[in-house]
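**Q** Protein sequences, first through last, are from chains P and W.
The opening residue of the first sequence carries number 1 in the working numbering; numbering runs sequentially from there.
The opening residue of the second sequence carries number 1 in the working numbering; numbering runs sequentially from there.
Misleading hints may appear alongside valid ones.
Stated by the list, open to error - Under the rule of at most 20 Å between Cα atoms (straight-line distance), these lysine to aspartate or glutamate pairs were calculated in the DMTMM-like manner:
#, chain 1, residue 1, chain 2, residue 2
1, W, Lys361, W, Glu125
2, W, Lys361, W, Glu85
3, P, Lys154, P, Glu181
4, W, Lys538, P, Asp104
5, W, Lys12, P, Glu93
6, W, Lys543, P, Asp222
7, P, Lys178, W, Glu434
8, P, Lys49, W, Glu546
9, W, Lys543, P, Asp89
10, W, Lys543, P, Asp92
11, W, Lys12, P, Asp104
12, W, Lys543, P, Glu93
13, W, Lys543, P, Asp104
14, P, Lys47, W, Glu546
15, P, Lys180, W, Glu434
16, W, Lys150, W, Glu337
17, W, Lys78, W, Asp64
18, W, Lys538, W, Glu434
19, W, Lys150, W, Glu134
20, P, Lys47, P, Glu99
21, W, Lys363, W, Glu546
22, W, Lys138, W, Glu337
These are calculated hints, taken from the structure and not from any lab test.
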Amino acid sequence: MSSASRLDSFSEFDAPETRTQSNDQHPRLASSPVLMQSQAVVKSYRKGKIEIPVLHGIDFEVREQEMVSIVGASGSGKSTLLHLLGTLDSPDEGEIYFEGNRIDNLPAASREILRNQYFGMIFQFYHLLPELTTLENVLMPVMIQYPFMKYLGKRRALKKRAKELLEMMGLSHRLRHKPKELSGGEMQRVAIARALISEPRLLLADEPTGNLDRDAGMEILDILRTLNDQHNLTIVMVTHDLAIAEMTDRTVRLAEGLVTSV
Amino acid sequence: MYKWLLSWRYLKSRYIALASVISVMLGVATLIVVNSVMAGFSAEMHDRLHGILSDVVLRSHNLDGFPDPNWHMEEIRKQVGNDLEGMTAAIQVPAMVSFSHNGQWVTRPISLVGIDKETYGSVSEFSEFLLHPENREKLTFLLREEGYGKGKKVSFPTSGWKRRRVQAEYEQAVIKHQTGAEQFDSGIASPDGFDPTQLDPPEDVSRGETVADDADLPPLPPLPELDIQSDQIETNSVVDGINSVPFQQPLDSIEFDPMTEQHIGIVLGISICSIRGRDESGEVQDYYLCLPGDDVKITFPNSGQPPKAVSDTFTVVDFYESEMSEYDSSFAFVPIERLQHLRGMIDAQSGVGSVTSIQIKLKEGADLAVVRDKLQARFPVHQFGYQISTWRDLQGPLLSAVQMETTILNILLFLIIAVAGFGILATFFMIVVEKTRDVGVLKSLGASDGGVMRIFLGYGLALGIVGSGIGMAMGLAFVANINEIASWIEWLTGQEVFDPTIYYFSEIPVIVKPITVLFVVLGAVAIAVGASVLPARKAARLKPVEALRYE
Chain P
1 MSSASRLDSF SEFDAPETRT QSNDQHPRLA SSPVLMQSQA VVKSYRKGKI
51 EIPVLHGIDF EVREQEMVSI VGASGSGKST LLHLLGTLDS PDEGEIYFEG
101 NRIDNLPAAS REILRNQYFG MIFQFYHLLP ELTTLENVLM PVMIQYPFMK
151 YLGKRRALKK RAKELLEMMG LSHRLRHKPK ELSGGEMQRV AIARALISEP
201 RLLLADEPTG NLDRDAGMEI LDILRTLNDQ HNLTIVMVTH DLAIAEMTDR
251 TVRLAEGLVT SV
Chain W
1 MYKWLLSWRY LKSRYIALAS VISVMLGVAT LIVVNSVMAG FSAEMHDRLH
51 GILSDVVLRS HNLDGFPDPN WHMEEIRKQV GNDLEGMTAA IQVPAMVSFS
101 HNGQWVTRPI SLVGIDKETY GSVSEFSEFL LHPENREKLT FLLREEGYGK
151 GKKVSFPTSG WKRRRVQAEY EQAVIKHQTG AEQFDSGIAS PDGFDPTQLD
201 PPEDVSRGET VADDADLPPL PPLPELDIQS DQIETNSVVD GINSVPFQQP
251 LDSIEFDPMT EQHIGIVLGI SICSIRGRDE SGEVQDYYLC LPGDDVKITF
301 PNSGQPPKAV SDTFTVVDFY ESEMSEYDSS FAFVPIERLQ HLRGMIDAQS
351 GVGSVTSIQI KLKEGADLAV VRDKLQARFP VHQFGYQIST WRDLQGPLLS
401 AVQMETTILN ILLFLIIAVA GFGILATFFM IVVEKTRDVG VLKSLGASDG
451 GVMRIFLGYG LALGIVGSGI GMAMGLAFVA NINEIASWIE WLTGQEVFDP
501 TIYYFSEIPV IVKPITVLFV VLGAVAIAVG ASVLPARKAA RLKPVEALRY
551 E
C-alpha cells in the first residue's frame, strides 16, 4: 500500500472544473492550455568581478496538468531556472508568464502572494524549520497567508486540513515530532504536505529525491505521480537522475544554459 | 502569526541568547536596587531636613534681630493668606556650652535657639525629635522625673529628677568631706592661702550675669582666707572649674537646692554631649557626657555694641535627636523670653522683644517658592535686609548633590545595559547567520521582508522582556531583603557594609518607586529591541535564493 492509494480518498484536491477529467495523458496535455512559460530568459551570477553566465536564453513552457522534469548536469542552470519560475529570483533578460500574465517584473508583495498561494515548493534538503513540529511546519504557509486574528479564527479548519494532508502522507503518528526526529523520506513528505496546504496551482520540486535512498526516492516520486495523475496538479521537477525523469510526462534537457532537447 | 510562533520557539531553543540576556537582567536588577536605595536615602534625608526646618524662614542678617515680631507676623499672614498653617518667632545666636564631665569642663560651640514652646512645634517636627514622650506631647522646659528615651531600642541611662537627686546628694557629700578636710588642712594651705581646688564655680547660681560681673556672686563656702582672695577668685575664674564638681553648691545656700529645684530648662542636641562608638563586642553604643538632670552653662553674645559674652546656667531637660548629625551636634533650645531677657533684646518702653527669625509652615501642597517670592516682595532686601528662603534653598547644595549622584549613577548603569545591548547585537548576528536557510525557506513560502524582520524584532522583544522581567524580580527581591543581605555580606567578608556610626539610620532605607521600575524595565526592553534591529534588517534583506543555497 503506497501513499498514492491514500491520495485517492483525498477529495479536496479534485481538479477545478476547467480541467479535463481525462486520464488519457498525452492527448489531454497537447490540448491543455499553457500554465507557465519562459521566453528567452537570461541569467548570470556575479562572483566578485567575474560574471558567470548560467542561462543563455531559455524558452520553456508547462501546460496545465503536466508533469515535466528538467534534467542536466550540475551547473547546467536547472535549479536557477526553477528559482526563476518560482519568483525567488529575477531574470536578467527575458520574460516569465504564469497563466498568461507576466510575473518576473511583479512587485515584491505580489510575488510573495504567488509563492504563498499559487506555487508549492519542495527542495532537496527538505528545508523544514527545525524549531517547529511537523504539524506547525505544514501550517507555516497558511500562517504566513493569514493575519494573526484571521488565522486564529480559521485555526480549526486549517489544522484539520493539515492533519488530513499528513495522514495522506502516512505521517499521522508524527504530528508532534520535530524534523530532526524524522527520516529523510518522512521529512520530504512533510515538505510536500507543506507545499500542498494552500492548494497551489503549480508544484516546483528541486531534486526532491536527490538526498534520499532509492526506496524513499521512489516513494516520493509515487506521491508526486499520484498528485499529478489523480489530482491534476501541475509539477515541474528538477532532477539529475534520468531514471526518475523518465517517469514524468516530458523531459527538458538543459546543457550549458540552453535547452538541448524536449 | 508565524512571527510570534518563531520568536517564541527561538527563545525557547537558543540558550546562548538567554545568556546574553543575563547582562540585561543584572543591569535592570542593579538599577532597581540603586534607585531604591538612593530614593530611600534621599527621602529619609528630605524628611529629616524638612522635619527640622520649617517651610519658609525669614531671617534678619543682624544678630540683634528685628523688633516687633507681631507686626511682621501680621504682614506675613496678609501675604500668605490661606496657605498659612503655622508661624513662630525665634532667636538664633552662636553660643558655647560648658558642662562638667569626670571633673573636667567640656566646652563646645553650639547654635542657641530661643523658641516659643507653644508654637515652635507647629512649624516643624521639632517635638517629634525630643526624647521624653511627654515632651513630645507638650514641651514645658521642666525636668521630668524619669522616662527619658522610652521606646528607644537601646536603653537610655537614668535621667531626670532621679539622676539629679542622686548627683546632688553625692556632690553635697563630697563638699562636706572636702570642707571638713580643708578646715583640718588650713594650716598647710599655699602661702597666699588660695587653693583653686576648693572654690566653687561662681557662675553656678549667678543667673544671667556676665562673667566679669561679680556683684551677685553666691556666698562662698565659709573658708577663713576667702575674703582676702576675692580678687583672685575673679582672675582665676577661668581655671576654677578644674576640680570642681557639677552642682557644687554652698552648703548653707538657701537660694537654690538642686535636690528640688532646677534652672531654666534647655533642650540639647543629643550629639553635643554624646559620643558614638563601639564596645568590645562591636555593638554601636552612645556614651553620654551629660544627661537630662545635669546643669550646663551657656555663654552667648548679648545685643549690645560691641556684643559682650553673657553666661547663664541651664538645666538640661531633654535631648533633641533628629538623627541629622549636623543639627544634633549644634542645636540647643531655650525659652525665647529668657533669651530675650538675657541678651537685652526687650524694648524698654513697649516691653516687646526682638527676634532674629520667623519660621513659617504652609499647608500641604502650597508652593513654597511662590510664598517666598511674595514675602520677598513685601519685605524688599534694600529696605529690610531679611533673608527669606525655603528649606530647599537652605539645603540646596546637599539636595542637588544627592540628585546629581542619582542621575550620574543612573547614566552609568544604563550604559551597562547598553553594553548588554551590544552583546545582544552580536549574538543576534550570529543567530541570523545560523538561521539564514530558515529565512530563505520562509521567503520561499511567501513571507515578506517585514515579516522576517519582525520575527527577529519579536525575538529581541521577548529576550528583553524575559531579561528585564527576571532582573526586575531579582532587584525587587534584593531590595526587600537588603538589610539581611547586608548583614550576610558583613558576616561573609567581615567588612561593615552599612556603618550605623556614620549614618544614624540603623537600617538601609529603601523606597521602590513603581514609575522608576517601569522606566528601567521599558528602557531595557527598548535597548534589547534596538539591538535586534540591525540583525533583523540583515535577515530581512537576505535574498531567498542565496539563503536557500546556504548550507
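**Q** Holds or violated: W/Lys78 with W/Asp64, Cα cutoff 20 Å?
**A** At roughly 25 Å apart (the allowed maximum being 20 Å), W/Asp64 and W/Lys78 break the hint.
**Q** Straight-line Cα separation of W/Lys138 and W/Glu337 no greater than 20 Å?
**A** Since the Cα atoms of W/Lys138 and W/Glu337 sit roughly 18 Å apart, the hinted pair holds (cutoff 20 Å).
**Q** Is the straight-line distance between the alpha-carbon of W/Lys361 and that of W/Glu85 20 Å or less?
**A** Answer holds: W/Lys361 to W/Glu85 is near 5 Å, not above 20 Å.
**Q** Does W/Lys543 pair with P/Asp92 here, judged by a C-alpha cut-off of 20 Å?
**A** Satisfied, since the Cα-Cα distance of roughly 16 Å is no more than 20 Å.
**Q** Within 20 Å, alpha carbon to alpha carbon, are W/Lys150 and W/Glu134?
**A** holds (10 Å)
**Q** Regarding the pair W/Lys543 and P/Asp222, is the alpha-carbon distance no greater than 20 Å?
**A** violated (32 Å)
**Q** Can you confirm whether the C-alpha distance between W/Lys543 and P/Glu93 stays at or below 20 Å?
**A** holds (19 Å)
**Q** Can the restraint linking W/Lys538 and P/Asp104 be considered satisfied, given a maximum Cα separation of 20 Å?
**A** The given pair, whose Cα atoms are some 24 Å apart, is violated under the 20 Å limit.
**Q** With the threshold set at 20 Å, check whether the alpha-carbon distance from P/Lys178 to W/Glu434 stays at or below it.
**A** Measuring from Cα to Cα gives roughly 18 Å; hence the hint holds.
**Q** Going straight from one Cα to the other, do P/Lys154 and P/Glu181 come out at no more than 20 Å?
**A** violated (29 Å)
**Q** Tell me if the straight-line CA distance from P/Lys49 to W/Glu546 falls inside 20 Å.
**A** It holds: about 18 Å lies between the C-alpha atoms, which stays within 20 Å.
**Q** If you draw a straight line from the CA of P/Lys180 to the CA of W/Glu434, is it 20 Å or shorter?
**A** With Cα atoms ~16 Å apart, P/Lys180 and W/Glu434 stay inside 20 Å; holds.
Hint check: violations occur at hints 3, 4, 5, 6, 11, 16, 17, 20, 21; the rest are consistent with the structure.
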